[in-house]
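> Sequence:
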Amino acid sequence: MQYSSLTLIFPSFYYFLKDYFSPKEKGSVIASFFVIFLIGLFFAFLTVPFSWVYIAFKICQILGICFSVYILFFSIQTVRKKKQDARKILVGICVCIVFSTWELYGSVFENAKYHSTFFKFVYLFFIISIASTLVLRYVQLYKDAQLLNKYLIDQKEAFYRFVPVDFIRIIDRESPISISVGDSKEKSMTVLTSCIRNFASLSKTVPLNQTITFLNSYLSEMEELVYKTTGFVDKYIGNEILALFGDYDERAAKENFNSADNAVESAIKMVNAIRSGKLVKNFLIPSFWNLEIGIGINTGSVILGTVGSERRIDTTVIGDAVDLSSGLRSLTALYKSKILISHHTYLRLHRMSEIGIRMIDSVILKERDQAVDIYEVIESDPESIKEFKLKTLELLSQGILEYKSKRFDEAAKIFRQLYREEPKDFISMIYLKRCKLYSSKPPDENWDGVFRFQTK
1 MQYSSLTLIF PSFYYFLKDY FSPKEKGSVI ASFFVIFLIG LFFAFLTVPF SWVYIAFKIC
61 QILGICFSVY ILFFSIQTVR KKKQDARKIL VGICVCIVFS TWELYGSVFE NAKYHSTFFK
121 FVYLFFIISI ASTLVLRYVQ LYKDAQLLNK YLIDQKEAFY RFVPVDFIRI IDRESPISIS
181 VGDSKEKSMT VLTSCIRNFA SLSKTVPLNQ TITFLNSYLS EMEELVYKTT GFVDKYIGNE
241 ILALFGDYDE RAAKENFNSA DNAVESAIKM VNAIRSGKLV KNFLIPSFWN LEIGIGINTG
301 SVILGTVGSE RRIDTTVIGD AVDLSSGLRS LTALYKSKIL ISHHTYLRLH RMSEIGIRMI
361 DSVILKERDQ AVDIYEVIES DPESIKEFKL KTLELLSQGI LEYKSKRFDE AAKIFRQLYR
421 EEPKDFISMI YLKRCKLYSS KPPDENWDGV FRFQTK
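Number 354 in full-length UniProt numbering belongs to position 354 of the sequence shown; there are no gaps in the numbering.
No wet-lab data here; the hints were simulated from the structure.
Owing to the predicted nature of the structure, the values given are computational and were not obtained by experimental measurement.
Computed list of lysine-lysine pairs in BS3-like fashion (alpha-carbon distance at most 27 Å, straight line):
hint: 1; residue 1: K441; residue 2: K404
hint: 2; residue 1: K433; residue 2: K413
hint: 3; residue 1: K156; residue 2: K228
hint: 4; residue 1: K204; residue 2: K278
hint: 5; residue 1: K185; residue 2: K156
hint: 6; residue 1: K406; residue 2: K366
hint: 7; residue 1: K436; residue 2: K424
hint: 8; residue 1: K436; residue 2: K413
hint: 9; residue 1: K386; residue 2: K228
hint: 10; residue 1: K413; residue 2: K391
hint: 11; residue 1: K366; residue 2: K235
hint: 12; residue 1: K413; residue 2: K336
hint: 13; residue 1: K406; residue 2: K336
hint: 14; residue 1: K336; residue 2: K278
hint: 15; residue 1: K436; residue 2: K406
hint: 16; residue 1: K404; residue 2: K336
hint: 17; residue 1: K269; residue 2: K424
hint: 18; residue 1: K406; residue 2: K424
hint: 19; residue 1: K433; residue 2: K366
hint: 20; residue 1: K278; residue 2: K424
hint: 21; residue 1: K143; residue 2: K81
hint: 22; residue 1: K235; residue 2: K156
hint: 23; residue 1: K204; residue 2: K235
hint: 24; residue 1: K269; residue 2: K391
hint: 25; residue 1: K228; residue 2: K187
hint: 26; residue 1: K366; residue 2: K336
hint: 27; residue 1: K433; residue 2: K391
hint: 28; residue 1: K336; residue 2: K386
hint: 29; residue 1: K269; residue 2: K336
hint: 30; residue 1: K404; residue 2: K366
hint: 31; residue 1: K404; residue 2: K433
hint: 32; residue 1: K424; residue 2: K391
hint: 33; residue 1: K143; residue 2: K156
hint: 34; residue 1: K143; residue 2: K88
hint: 35; residue 1: K404; residue 2: K391
hint: 36; residue 1: K228; residue 2: K185
hint: 37; residue 1: K433; residue 2: K386
hint: 38; residue 1: K404; residue 2: K386
hint: 39; residue 1: K235; residue 2: K269
hint: 40; residue 1: K187; residue 2: K269
Using the sequences plus the hints, can you model the full thing?
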């Protein structure tokens with residue numbers, strides 16, 4: 001058994017080299033011949049009489065030398081192909097072949113003194129060199145695996161900057177890899193849309209690079225406020241933001257969790273951030289100093305999904321709730337308001353229901369059939385304006401009731417009084433103009449007090 005096991009050294013080493021350097025390539029016919037012959041010798045060692053073992057051993061040595069030459073040729077090929085570690089192993093094989101030949105020559109002609117002992121050291125050196133090569137290779141593989149893992153993590157984080165993790169969770173997907181075109185889910189959410197007023201005219205007076213720098217600073221700050229109130233930004237469209245708030249989020253406790261509350265809280269913080277001047281203090285540009293934003297909020301059913309093609313996928317959110325939120329944002333400029341919410345959102349408020357909110361109008365937006373009651377969030381207004389609006393809540397409601405009852409003269413008196421007390425409250429001016437219009441040209445009998453906008 002001691003001698004027979006020697007015949008398996010060469011086939012084993014050959015297959016080690018082949019698997020190490022060329023695992024996918026088929027073995028050659030010559031190598032297969034040597035392997036079969038040496039395996040045959042292995043079984044011959046086990047069956048032949050002991051007197052024949054010496055002859056079989058010599059045959060094994062000669063075949064081993066021949067096979068070593070083939071292994072040498074194979075190793076040279078790997079060096080030419082610039083395989084990793086090929087040069088190190090080739091040097092070891094060359095040293096081993098030289099001293100194996102000397103060993104064989106000495107054993108046949110018995111004229112090489114101490115050949116056996118010396119070869120043992122050479123063979124030990126060869127084994128150690130192979131082992132060290134393997135150790136270094138696997139250490140390198142481990143480092144490569146760590147770098148690859150970091151690269152994949154970076155790629156995943158980069159993907160989440162394009163597709164929020166909240167979006168992936170909502171459409172019931174475990175990771176970005178599982179997303180495909182057409183994935184969608186309908187869900188009740190609160191939609192927040194915001195934009196910078198007159199941004200196009202502002203940006204014309206500012207160098208482009210400074211505009212981009214400011215815009216990135218602004219969007220980053222707004223996104224952080226949305227995230228802290230458990231929402232997520234679905235889209236940036238120029239300076240516009242489309243954010244979504246769900247009724248449950250893993251980032252917050254379940255009790256008293258409400259998408260409408262969170263969206264309104266986020267909007268107040270966004271307006272306060274602009275009012276504080278925090279965003280513009282690093283920009284010595286007068287155009288940015290009086291920056292104003294408008295925010296529209298609505299709650300309803302939306303469809304979140306992916307659209308596009310196999311080469312280009314994008315996320316989208318569609319639904320009447322999104323359109324109404326965008327429409328309310330546009331109306332903030334008309335009413336000179338910071339934050340407008342629909343009655344759908346107002347009726348869902350819980351912990352935010354105690355803040356300053358007033359009903360200001362009932363409207364039908366363009367391309368819509370149903371009227372919506374509009375509420376103004378006054379919590380983020382300057383203190384003096386806020387106090388006035390809170391103090392005159394009942395008076396404003398009375399004026400709107402008179403207006404809807406077609407008693408335009410009585411309504412005009414109330415709105416005129418409100419305008420005299422606080423000209424900066426633009427709502428009274430809007431109703432004064434309407435009362436004047438309808439006093440001179442009364443509406444028809446079917447008039448319901450709802451104002452119909454012809455533009456978005």
